[in-house]
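Throw the hints in and build the complete structure from the sequences for me.
Just so you know, the protein sequences line up as chains E and D, in that order. Position 297 of the first sequence, counting from 1, maps to 982 under our numbering, and the rest follow consecutively. Position 259 of the second sequence, counting from 1, maps to 944 under our numbering, and the rest follow consecutively.
Treat the hints as calculated values from the structure; they're not laboratory data. Take the hints with a grain of salt, since some may be wrong.
It does not matter which identical chain is meant; a pair holds if it fits inside one copy or across any two.
[Claimed, not checked] Straight-line distance between alpha carbons at most 20 Å, and here's what the computed DMTMM-like set of lysine to aspartate or glutamate pairs gives:
| hint | residue 1 | residue 2 |
| --- | --- | --- |
| 1 | Lys793 | Glu1041 |
| 2 | Lys861 | Glu795 |
| 3 | Lys941 | Glu702 |
| 4 | Lys725 | Glu766 |
| 5 | Lys887 | Glu702 |
| 6 | Lys1013 | Glu724 |
| 7 | Lys917 | Glu1011 |
| 8 | Lys898 | Glu1011 |
2 protein chains.
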Amino acid sequence: MPVNFTPGPSQLYFTVEGHARKAFREGVPSLSHRSAAFEKIYGHATEGLKALLQLPAGFQILFAASATEIWERSIQNLVAESSLHFVNGSFSKRYFEIATQLGKHALKTEVPAGQGFAPYTPAASPELIALTHNETSTGVALPLDFIHAFRNHHPEALVVVDAVSSLPYPKFDFDKIDSLFFSVQKAFGLPAGLGVWIVNEKCIARAEHLQSKGLPIGTYHNLPTLVANSKKNQTPETPNVLSIYLLAQVVEDFNKKGVEAIRKETDYKAALLYHTLQKHPIVKPFVTEARVQSQTVLVAHTGTATAEISKFLIQHGLQPGDGYGENKKTQLRFANFPTHSKETYELLVDLLEKYEPAN
Amino acid sequence: MPVNFTPGPSQLYFTVEGHARKAFREGVPSLSHRSAAFEKIYGHATEGLKALLQLPAGFQILFAASATEIWERSIQNLVAESSLHFVNGSFSKRYFEIATQLGKHALKTEVPAGQGFAPYTPAASPELIALTHNETSTGVALPLDFIHAFRNHHPEALVVVDAVSSLPYPKFDFDKIDSLFFSVQKAFGLPAGLGVWIVNEKCIARAEHLQSKGLPIGTYHNLPTLVANSKKNQTPETPNVLSIYLLAQVVEDFNKKGVEAIRKETDYKAALLYHTLQKHPIVKPFVTEARVQSQTVLVAHTGTATAEISKFLIQHGLQPGDGYGENKKTQLRFANFPTHSKETYELLVDLLEKYEPAN
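Now the structure itself:
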């Protein structure tokens, strides 16, 4: 099979199939979620993640079914009235829409696809700031200092970061962030079916406050219930046990490699591809402002040559990701995740450099 | 490993590990949920289920993360004000509690654990009747005619059946039922992480009506959104693709065997164990009224001999399920699912008959 650069579901991390085989051998898929064996797996996953992300004490790691679920649960549990969303693509927009659907007064600051945001000047006083660190649809990443500045702008607001297609790459300052989430089928290279939601004590207190006022914060997956179960290394419902097991294993693999090594490799591979796109006669980076170019999802403007370049790469064993939505015919996306080796990226840029239009 | 009789997560159906290996070989875990290949898997699963359950036209099959999620979504989408719950154990009680948590006027008819319900006399006019066909915590199954009678009692109400630990065994009359759900880690013998929700057009119309009145029916997993996606063989979010694939495969295996053969085997195995419990000097059926004895989760009252009997069975390669909750020390539960062979059940009753107390 070709190496797959689709940004998600991603090509599996190379150790996953072996871990899955071991899981079946050890009876993991039929473990009771109330057993000590499951609690151990839960702890293995969350302790590993705490180490990998260098999470300070006071943060809880919770499991949902998808990042989409966490869009809903985070608004439901953390917002009584108003949230402020930074929208620059399809996924940040969907988060905003979910807040609107839940009847919240959702505000947005919107810029065209492919662009970053101008420095922020506080206007309203929202309860929650929703920031999509890496807009998977366009390849724009928010600079970390942009994200970290909201604590000063709005000391009372909760800062919530959608880091779906960037973790474990970004090195967030957890003093400046209250909640963070991702789904496992992106940079962790796992089968889809699990969302990971990280919250601090301010989030938990906010949900409890909303609950005490009689606001609807959901049932089995409201924050107090998730947290109470998480403290026992359990989940409220029968979860995707196999997926939590696989996450624990891959996080252990990442920790053995070291998050700094992963970050350095990511930087190296991104620099390689951006450099090639910058000087390429036909293919260009879609995101032109270097400050907001994503290191984990790189989007190339391939224009009328899209189908031909795609075919050329596939012939050489590399499957590019399609452009998102309406850009399917003019862009190609390249995930730069831990599963994508330096050698694969070197082959990719070689091929792009060698590519010549048919006519 | 011993044969596991825990009613869920169940021992895997014997074909699952092979199907999982094939899934990895074919790249299923990293398939895009917007690809034609995924749509084919979705269709394979839903068409197979329609055949297995003999579902009439007009029913839609939808995927959620768990039956617990469907408890929440069904109340949220189908009830404006009031639901009526038949409570006779921990799971039917939890469904009732979720309705209460969602701010609905939830009514209940409650009987002690291990008992069925007296014939129903209509009193209030609820919008939804919630019936737990098989109470996994106690081994009580509602007789089908009890379930089917609600259409006459309340022609306007939606009849919703939690069939978590009984499907595909019960042969429901789908003219008398509006919605049905189960989770795959019970009788389908699959890894946990997927709930299956079946709804008819009355349910869809009800959700649309609630939505048009501005009632909160949720966001990405509200019924209209789930149905719109399902009609394209898609899901709103990135789902547990691997699990949908495995479900499709196991349903195909079940269809090859034939649902009638599965039902007959289930009846045979249940009769064997109930017969043994009935005449046993020490172990007795916990549910004494034959009319409501579950065929798929059989609960034995083992009293002070519980630990000793459990140990004896494990020594002979059979792992009984613990009693639920406070009955852990006095009961054992035996799942009777398609993965449990006739030979295994014959061994189980032989062992129970041979068992002699240590003193």
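These are the hints, each one checked on the structure:
Neither within a single protomer nor between protomers do Lys793 and Glu1041 lie at most 20 Å apart by alpha-carbon distance, with minima of 43 Å and 72 Å respectively. Taking the closest pair of Cα atoms, Lys861 and Glu795 never come within 20 Å of each other, the shortest separation being 22 Å inside a single copy and 50 Å across copies. In this homomeric assembly, Lys941 and Glu702 come within 20 Å of each other (Cα to Cα) only inside a single copy, at 18 Å, whereas the closest approach across copies is 29 Å. In the homo-oligomer, the alpha carbons of Lys725 and Glu766 never lie at most 20 Å apart, since the shortest distance is 39 Å inside one protomer and 42 Å across protomers.
Taking the shortest alpha-carbon separations for Lys887 and Glu702, neither the intra-copy value of 38 Å nor the inter-copy value of 43 Å comes in at or below 20 Å. With identical chains, the CA atoms of Lys1013 and Glu724 are at most 20 Å apart between copies only, with a shortest distance of 19 Å across copies and 43 Å within one. In this homomeric assembly, Lys917 and Glu1011 come within 20 Å of each other (Cα to Cα) only across copies, at 19 Å, whereas the closest approach inside a single copy is 45 Å. In this assembly of identical chains, Lys898 and Glu1011 lie within 20 Å of each other by CA distance neither inside one copy nor across copies; the values are 43 Å within and 33 Å between.
In summary, the numbered hints that this structure violates are 1, 2, 4, 5 and 8.
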